[in-house]
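I would like the entire structure built from these sequences, with the hints used as guidance.
Residue numbers (the working numbering), protein chains in the order written: chain A, 1 to 248; chain B, 1 to 75.
Keep in mind the hints are simulated off the structure, nothing from the lab.
Every residue, glycine too, gets a C-beta built ideally from N, C-alpha and C.
Treat the hints loosely; a few may be bogus.
Stated by the list, open to error - Examples of chain A residues toward chain B, derived with CB under 7 Å:
#, residue
1, Pro45
2, Asn52
3, Ser53
4, Arg55
5, Ile56
6, Ile59
7, Leu106
8, Phe109
9, Thr110
10, Val113
11, Pro117
12, Leu222
13, Thr226
14, Gly233
15, Val238
16, Lys239
Residue strings, one per chain:
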Amino acid sequence: MWQLFHKLGSPKWFYGIASRLMPWLLWTGVALFMAGIIWGLAFAPPDYLQGNSYRIIFIHVPSAFLAQSVYIMMAVAALVTLVWRMKLADVFVKSAAPVGALLTFLALFTGAVWGKPTWGTWWIWDARLTSMLILLFLYFGAIALGSAIADEKSSARAVAVLVLVGVVNIPIIKYSVEWWNTLHQPATFKLTEKPSMPADMWVPLLMAVLGLYLLFGWLACLRMQTEILVREGRTRWVKELVRPGGNA
Amino acid sequence: MAFDSFDAFVAMGGHGPYVWACYFVFFALSLVLVLWSRAQRKAALQGVARRSTGRGETDTGKAPADFVRVDSSNH
Numbered sequence: 001m002w003q004l005f006h007k008l009g010s011p012k013w014f015y016g017i018a019s020r021l022m023p024w025l026l027w028t029g030v031a032l033f034m035a036g037i038i039w040g041l042a043f044a045p046p047d048y049l050q051g052n053s054y055r056i057i058f059i060h061v062p063s064a065f066l067a068q069s070v071y072i073m074m075a076v077a078a079l080v081t082l083v084w085r086m087k088l089a090d091v092f093v094k095s096a097a098p099v100g101a102l103l104t105f106l107a108l109f110t111g112a113v114w115g116k117p118t119w120g121t122w123w124i125w126d127a128r129l130t131s132m133l134i135l136l137f138l139y140f141g142a143i144a145l146g147s148a149i150a151d152e153k154s155s156a157r158a159v160a161v162l163v164l165v166g167v168v169n170i171p172i173i174k175y176s177v178e179w180w181n182t183l184h185q186p187a188t189f190k191l192t193e194k195p196s197m198p199a200d201m202w203v204p205l206l207m208a209v210l211g212l213y214l215l216f217g218w219l220a221c222l223r224m225q226t227e228i229l230v231r232e233g234r235t236r237w238v239k240e241l242v243r244p245g246g247n248a
Numbered sequence: 001m002a003f004d005s006f007d008a009f010v011a012m013g014g015h016g017p018y019v020w021a022c023y024f025v026f027f028a029l030s031l032v033l034v035l036w037s038r039a040q041r042k043a044a045l046q047g048v049a050r051r052s053t054g055r056g057e058t059d060t061g062k063a064p065a066d067f068v069r070v071d072s073s074n075h
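Right, dumping it as structure tokens:
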């Protein structure tokens, strides 16, 4: 058990595993995501209330879903950074933060554009929208703090604390549609109930969500490898890797 | 197919501009992030290569005794 844990923390081991996983993550992700989107855009039936504007759901929900999931993954990695001082966990936090920020922005943007024809307004300061905006600022904070501190260890600890404190926002986002009156509709997927929409709508949506998960995995691997190359540039295994024929 | 014609698909029952704006922004920004990440990776690789050829292979230690070359082909 501890041996596996130690191995998982080794950048060299991770680099090799990531290289092997990445083509699978990329191509399965592209296939699932594109199939979900094309199905959703062209073949799913229109919504009886919202007409065709609801087709934004096929990128809005995956973005919003991932935006929160990525933050939770970062919070777990932050805890590992603080408790076990595992370098790789900090590498993940730093690599994932810009991706999470983009996903949060995309969730807000697509939500605003969807809101205009559906609610009649781009933006309201209600609980769901405001807590998502706070999530975006948390991501920005983690990125800025990480790049402001040069020392690797202090930077890792500072960002980890910030990410962990910010995790309180996640249940607020999740339950905001139930605790407060809001224009936002309740969750599309619940673990305990059948989806309230026909299969022609929720199957492509689920495909898009899973596809985007895989694509996030691919991009996270790519960015983590980059971070490892920068940090471990002086070690012999990295030098071997970039030597002609080393095939990085 | 939920639409009668390609024109109807593009129009999205009057909601076309909203729907297509969302999809365009989603793909454009995602592409920017991917290209930026790839550029960063390239720069990192070049940085390591420059350092290792510049100072030669006289690495002062750090390398583990049980060194094994990592197979990182087909990324």
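Against the structure, the hints come out as follows:
no. : hint   : verdict
1   : Pro45  : holds, 6 Å
2   : Asn52  : holds, 4 Å
3   : Ser53  : holds, 4 Å
4   : Arg55  : holds, 5 Å
5   : Ile56  : holds, 5 Å
6   : Ile59  : holds, 5 Å
7   : Leu106 : holds, 6 Å
8   : Phe109 : holds, 6 Å
9   : Thr110 : holds, 4 Å
10  : Val113 : holds, 5 Å
11  : Pro117 : holds, 5 Å
12  : Leu222 : holds, 6 Å
13  : Thr226 : holds, 4 Å
14  : Gly233 : holds, 5 Å
15  : Val238 : holds, 6 Å
16  : Lys239 : holds, 4 Å
In summary, this structure violates none of the numbered hints.
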